Every structure is written in C-alpha cells, then in structure tokens.
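Engineer: As a plain string of letters, each chain reads:
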Amino acid sequence: MELYVSEFSKYVIALLITLYTYECFAVFRYEEEDRRGGIYTRQNILMFAFHFSSFLVICFETGDITYLFFYAFQQIVLYAAIMLFRMLYPKTNRLVINNMCMLLSIGFVILTRLDFNKAVKQFVIVTGSLAVALMIPFFVHKFKFLKKLKWIYAIVGIAALSVVMILGQTTYGSKLSFKIAGVTFQPSEFVKILFVFFVASALYQASGFFEVFTTAVVAAAHVVVLVISKDLGSALIFFIVYVLMVFVATRNFLYVLAGAVGGSGAAYVAFKVFRHVQVRVQAWKDPWSVIDSAGYQITQSLFAISSGGWFGLGLYKGTPESIPFVEADFIFSAIAEELGIIFAICLILICVSCFIMCMNIAVRLNDKFYQLTAFGLGVTYIFQVFLTIGGGTKFIPLTGVTLPLISYGGSSVLTTLIMFSIVEGLYIIKQDEGEQEKKSQMKKQKRKKKKRVVAVEDEDEEDDLEEYLIPQEELAGRINCKAGNQFEDDEE
Amino acid sequence: MKMTRNKKTAKRPKKKNREIMLVTWAFTILFLGMAGYITHYAMTHQQELINNSYNGRQQILLAQNRRGKIYSADGEVLAQTVEDAEGNEKREYPYQNLFSHVVGYASNGRMGVEAQANYYLINSNAPLSQKASLDISGEKYPGDDVYTTLDVELQQVASTALGVYQGAVIVTEPSTGKILAMVSKPDFNPEEIEAMWDELIADSESSVLLNRVTQGLYPPGSTFKIVTALEYIKENPDTYQNYRYTCNGAITRGEDRIQCYHGSVHGEVGFTKSFAKSCNTSFANIGLSLDRKSFGNTLNSLLFNQKLPVTFQSGISKAEVSEETSESDMMQISIGQGTVSITPLLLNMITCSIANNGTLMKPYVTECVKNSAGNTIKTFSPSAYGKLMSEQEAAILQELMTDVVEEGTASRLKGLSYTAAGKTGSAEYGTVKGDSHAWFTGFAPAEEPQICVTIIIEGAGAGGDYAVPIAKRIFDAYFEKNVSG
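Residue numbers (our numbering), protein chains in the order written: chain A, 95 to 586; chain B, 8 to 492.
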C-alpha cells in the first residue's frame, strides 16, 4: 500500500506542478486581469492538491499522521493570505499572490521532509511575515513621499551593512548576520529593498551623467562593504541590479557595457586578491579534483540532481541530507532528487513567471519612480534565483544565496514577501493610473466630438480620428506614452 | 507631414519600454538555457555519478535491492547474489575462474561487467506488485539483470586452449561488435577475491588482476605488418602489386640491422609474399619508403595513441611516426617492434574492421537489461564507430590475410571445412634474443567473416606454432555449433 502511494504520488505531483506551471504562462494570453479569473481559481485548486498530496506522502513515509495537523495549519495560513489579499485589495494581481503561495508550499513540503523543526520555525516566520506583507500594498499606494527619501535609503542601507561588517557573526567565513534578543537577522536581505528604492528615487527625475555618477558611488559603497564581509552573492546582486536599473533609467546601453567591463575587472581583481574566490572558482571548474574539500558541497549536490530522474526518487527516498546546508543554499538539489527533474524545471519556470509578471507591471507603469522600483525588485528576485540554482548545479560558481520563499531562512522569506507585496502595491497604482487615464480620455473625447461637429481639421484632430478605431486598452497605452514623452522632453 | 507624425506616435510605445523588454528576454533566455543544462546534466550523468565512491546513494540502493544477475548470451548465470541461512549475502560466480576478468568482481572495488553495468545491477525495476509483496515479507527487491554477449562454450574453449600460458584471447563478431569471449590469464576466482586481495595486490610480477585483453600493452610484432601494408596500399593504390624485393635474411641501415625471424632467407619476394611469409627485411624496406606524415595520420585513424571508443576501461596503444622519426625507428616500427605497443583489443578491432569491409563496430559486452519479471528495460544496440579504411583497402587486406593461411605462416588453418584468414606474429620482447610472444589475429570464413579472434601467448615462441592452433580450436568450436545448430 505504502509503496503504491509513494510510486503513484510521484506522477501525480509531477502532473499537478506541470499543470500549474502551464497556467502560469496561460495567464499572459489575456490582457485584462478580470478575464484571468478561471486560471487563478484552477491554480489555487492545483496548489492545494499538490500541497495535500505531498503531505499525504509525508504521512505515509514517516508513518506519523500528526504531520497532517501541521499541513492543516499551513493550508489555513496560505488560504487566509490568498483571501485577505483579495478582500483588502480587490485590484491586486492574483498571479503574484498565487505563485508566492505556491512557492511557500513547496518550501514547506521540502523543509518538513528535511528537518521538521526548521520547517515549524519557518512556518511561524512565514505566518508573521504574511501579516506584515498584507499591509505593505496599502503603504506603497498611499505614501507618495517614498520617492523623496533617496538619501535616507542610502544611509540606512550602508549603515546596516556596515554594522554587520563590524559586529556581525562570522558564519563559515562570511559575516552575514547579527543577533538581537535571540533572533538572527541578515540585514543584507532587507537592504536589497532599500537599495532598489534608493536607485529608483535617485534616477527617476533625471538620469544624466551626474546622477548616475553619484548613485554609482553609493552603489559601490554597498558592494565594497559586502565584499569585505565576504558576502559575494549579495554583492553581485547589488551590482547587477544597479547596472540594469541605470540601463532602464538612462536607456543608454553604454552603461551596461561599462558595467560589464567594470564588473569583469572587479571580478578579476577579486579572483587575484581573495583566496576564497579562487577556491570557489576552482570548485566550479573541476569540483571532482577537490571532492574532499572545496568541491564536496557541489559534488554532493550534483549527485542529488542526477539521481532523481524525471519523476524523482520520491519524498524520503533519497539522501539530500548528504549535502551540507541543503535546506538553505541547496534546497533546489533536494527538490530535484526527491521530486524529480520535471518538478525542478517547473519550479524554475514558476520563478520566471513571477519575474515576467513583475516586468509586465513595470512596463505599464507611467510613473518612472514606480516603474524603476518594480523593475529593480523583479531583477533582484530573478537574479538571486539564478545565483542559487545556477550555483547549486555547477552552471555558475557557487555564491551561497538562498532560493527565495523556498529556502530555510527568516530574513530571506520576510524580505521576499515584502518585495512581492510592494510589487502588488505598484500593480494597484498602475490600475489607478489606468482609470485616471480612461477618465481624462473620456473627457478629451467628448471635447473632440464637439470639435468634430464643427469639422475643424488640424493635426491633433487627425490623430484622434484614428484613435477612435483603436481598442480602449491600447488607446490608454498610447496616451500614456504621450505623457511620458512630454516628460522626457522636459528633461532634455 | 501628418503621416510622419502619426508614425512617430505609433512607434513610441515600443521605444518606451524597450530596455525592460530586453532585460526580460535576456533573463528568460538565460533561465531556459539553465533549465536545459540541468536536464541534460542530470540525464547524462546518472550512471557515472552513482558509481562515485563519495556518492552515498549507492549504499542506499544496495540496502534496498539485491544485486542483479549477470547472464551469458544463451542464458547461463555468470554471477548472482544468494542469501545464506543467516541472511548474509554472497556473490556467486558459477563458472569460478572462467569469466574472472570479463565479468569481474563487485567487492574490493569493481571490475568488468560488474563495474560497467553496476548502475543497472543495483537498481530495481521490478513490477510494483512484486515490490509490494516483498515489502510485506521484509525482503529486498531483486535488482535488474544484465545479459551479456558472452558465449560460455567459446569462453571455455579459449580458456582451455590457452592452458597454463599467460596471455589473452578475444573473440568478437565483426558485423556487430559483440564480444563473444574474452580470456585473460593468469585468472582468479572472483568468489575468493576478498580473501586473496592482499596476495593479489602484492604480486606485481604476473599482475593477475590486469585484464590483458583490454589493458595489456604488448609489442605487436609481425601482426603490425597489417598496418604497414595498409599504409603502403594507401600510398601506392595502383602500383603496390609491382613491389619487388630480394630478401637475403637481413637489412642494414648504418648501425641498425633487421633480420628475418629464425634467420630465414626469403629470396625474391613481391608484396603478397612479403606479407604471407612475414618477411621482416622486406617490410623494413617498405617502411623506409613510406611517407612519415601520412603514416602518422593513418596510425591515429586506426585508434593508436588515444582512448578507445568502448564503454569499459582500456589501455592506450602507442605507435607514433612523424617527420622526425629516424630511419632506424622506421624499420623497427614497420615490423611492429621498438616503441610500438598495442592491446589485443585494438588489434582485434582493426581486424574486425578489415573483416567488416572497413567499418568498425564498437565492441560491447552488455546486450540488454531486464527486470526480475523478464521485461527488457534497456537494450544496447550495435553501433558503428566509422570507417577505419576504405572498402577497397579492406578487400585487399582480406586477400593478403587469406594468403597467409593458404601459403604463409598460418598454414595450420588450411584445408578445413571453413576458410580462415589472418596474420601471425612473433613479437620479441626483453633483452634475451629469441624470447617472443606468439600472436595471431584473424577471421573466418574468409569470404564472409562471422567471427574474429585475436590471441597472444606470452613468451611461447612463434605465432604460427602456438597461437594459430588456439585460433583453430575456437573456429572449430564456433562452426561446429553454428553449422549444426
């Protein structure tokens, strides 16, 4: 019986996640959120089916039925989160919320399997974090002064990182965290958000060379402090986010080029100067030659990835515990081993879907500050996913960052939930913008209708005539552009 | 005027967000690439990684599954794991020493099929219903069984024929690459490997554990004349038959002197006779005429100086010729002495490609994998490596090798119910003059080759006297079975 359950469940779980992932991208077929309702509901059903069947397997494999209680609590919290977001913010984007909860439930499943105590701790943190996250969209929406705090973001950010650098605890060679009242914080996680806000607020009005230069100095300060703390993964994230945000703000590809050249140079210097960088690169190039030491983690991770096959060994059937820090840096490998390559690839695609939705929101925002913020947060998220999955699979050298929402780690999960909530807030702002435009558009149209009766022909008139034939949605877009362009003209 | 303005408005939405779209695409493509990489890596490294001693998953599989059986081509058990009354597992090899190297062992490291097919043997694809009932009775799942291409009878004949000599025999099917028999002597009993381990390791002289077929490196002696002849034919495709040489028993270049085996004097010889009689002086003479660069390329295309395209461990045969090679070395190399070394496996592969009209089929020993219910899990099909020579060149060599039997050094294979073709060799080694390994490599029937044998007997003497009779016994056994059966 037990055997049938575990064998059968492998295929069920793979099927559920595949369908869920399909819906993640099916969403993009529709422009308007209200036409996506069916998809979102199906996603919720698939998500709960996955969550439930996984815990059923856990109960069968461990022979301990009490896991179902733990499951029930998780289910209540996730369900409440989905419902509360919808009730409090009727205009939210449900894909972001769904994916957020899906990733959290994947995290719960695999953490419960790896280490029950850590899973419980994680659950408590997630519950608290979700409560915080629920309030975020409101603040983002209301607090218009957020774009004016640029120096505050910079100072708080650098200060927080410096405190860790000086006072922080050293964990495995890197200074990452400090303790307050028994709770460990990892400030570099939160500073990521502040940093995005800083760059957005510094560049949204003007992005000439002077602005880019001053922000570059601040960005460099962040990166240097992180490098000194030996937190290379975070340093890399800050760097990439900065370069890409400047690219979007200035629309100048030369900055990307400069960033690439500067980044490569810095990487080369770091490689020459820091012993631990050399060790990591060596462990990436040929982990088998240092399998006893620097290559141990990555080779164990590769063993895990290669042993699962398409459908995985099944929960509790593999040995992901053999990878040091599996619950934080290598959780993806544990997932690939026990839930299979199909599941792992779907997981990657779900992360990409979150990113695309985030970019989608950024593209449509008219306000440049909000646009840059959405873009920056999206890039921060996806680049971190890239670093952790790529590092754990020997695609790129290992940097030791967490897989957002899935890995064990309170600071990480709280930060990511806040990021997702900010994006939700930005989405609401976008909806507002759309409505305002529609209103103003309608007024304009009325005005012009009158004009048309008089049959006065001028250039503007010609434009509008054409626009009558264009669907409402696209029309709004065009008008936005005009506004945007005007704004730009002012800058120039 | 109006038109341009309209165009401008229409283009602007794209321009506005081009950068964000660019970044979105870049990351999406990056992630698709990464997903592709992960899938590819996971699917292609499964077997290699499970065999790594740092991989603890192997232990889990062993605790869960009973190691599968290894079968011969005709369904005889070559290796199986049994449980005694106390529940201790023991690996049994019913034929004891007979398959020691090719089937190998699975304790104190692994060797042979036990190593090569380890992944399949320790995994279980038993039907779920069987697994479920075993779960209830608390027994292990049966691992998957591996069927080999080995033929028990041929293996027995080869082993018996080699007798107490040290040496190696390999029998293959040239049209598929199937290995029918592989004997390396001295051999050992794989059941006693644990008890004998220290002794075996300490004994460096006879290197019992070494599979001489795949890893033994020997001077090829006159069998290498196949290679020299091939190069000569390549360089003189239309005129090689016009070759003439008068052998007076020795050829001298400066200090260096090459003699014919046992002081023979062959007199006036053409190309065919030089090959059939295995005239050293004539071949040294041929060697001196060869284009060194072209010869070097031919050697590499015949898989010298590189890893062989096989899935098991094999040695690297050496034969290097370049513009700098001296005359003295050229003479030595042309007759397979000096710096040249070869594994019986590679010599067999070259012979096979001649027999198979130039195309080399990759040699293999695992035929298929079946689960405990007898359903096939995986089949290993024959696969071609490519052409080692043209069909024409292969045809010429087939003829030359037939003449070796008809009127040359392998005359003991003449006048039988089947026709054979081959090349003998007596490879001198060490410093004592006259000590030589006896070689034979050949195939039968000569017109339509079905099997290919390569034999080396260490220190026995002339190939024609010692190696050819073993080939005869193997051919006899094979054709008796395949004609009557």
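Treat the hints as calculated values from the structure; they're not laboratory data.
These numbers come from a predicted model, not from an experiment.
Ideal placement from N, C-alpha and C gives every residue a C-beta, glycine not left out.
Don't take every hint at face value.
To be verified - Here chain B is said to cover these stretches of chain A; the calculated rule only asks that three of the stretch's residues, wherever they fall, bring their Cβ under 8 angstroms from a Cβ of chain B:
(1) 338-347
(2) 389-398
(3) 499-513
Engineer: So, for every hint listed, does it hold in this structure?
Structural biologist: Each hint, compared with the structure:
{"no.": "1", "hint": "338-347", "result": "holds (count 4)"}
{"no.": "2", "hint": "389-398", "result": "holds (count 5)"}
{"no.": "3", "hint": "499-513", "result": "violated (count 0)"}
The structure fails to meet hint 3 from the earlier list, while all remaining hints are met.
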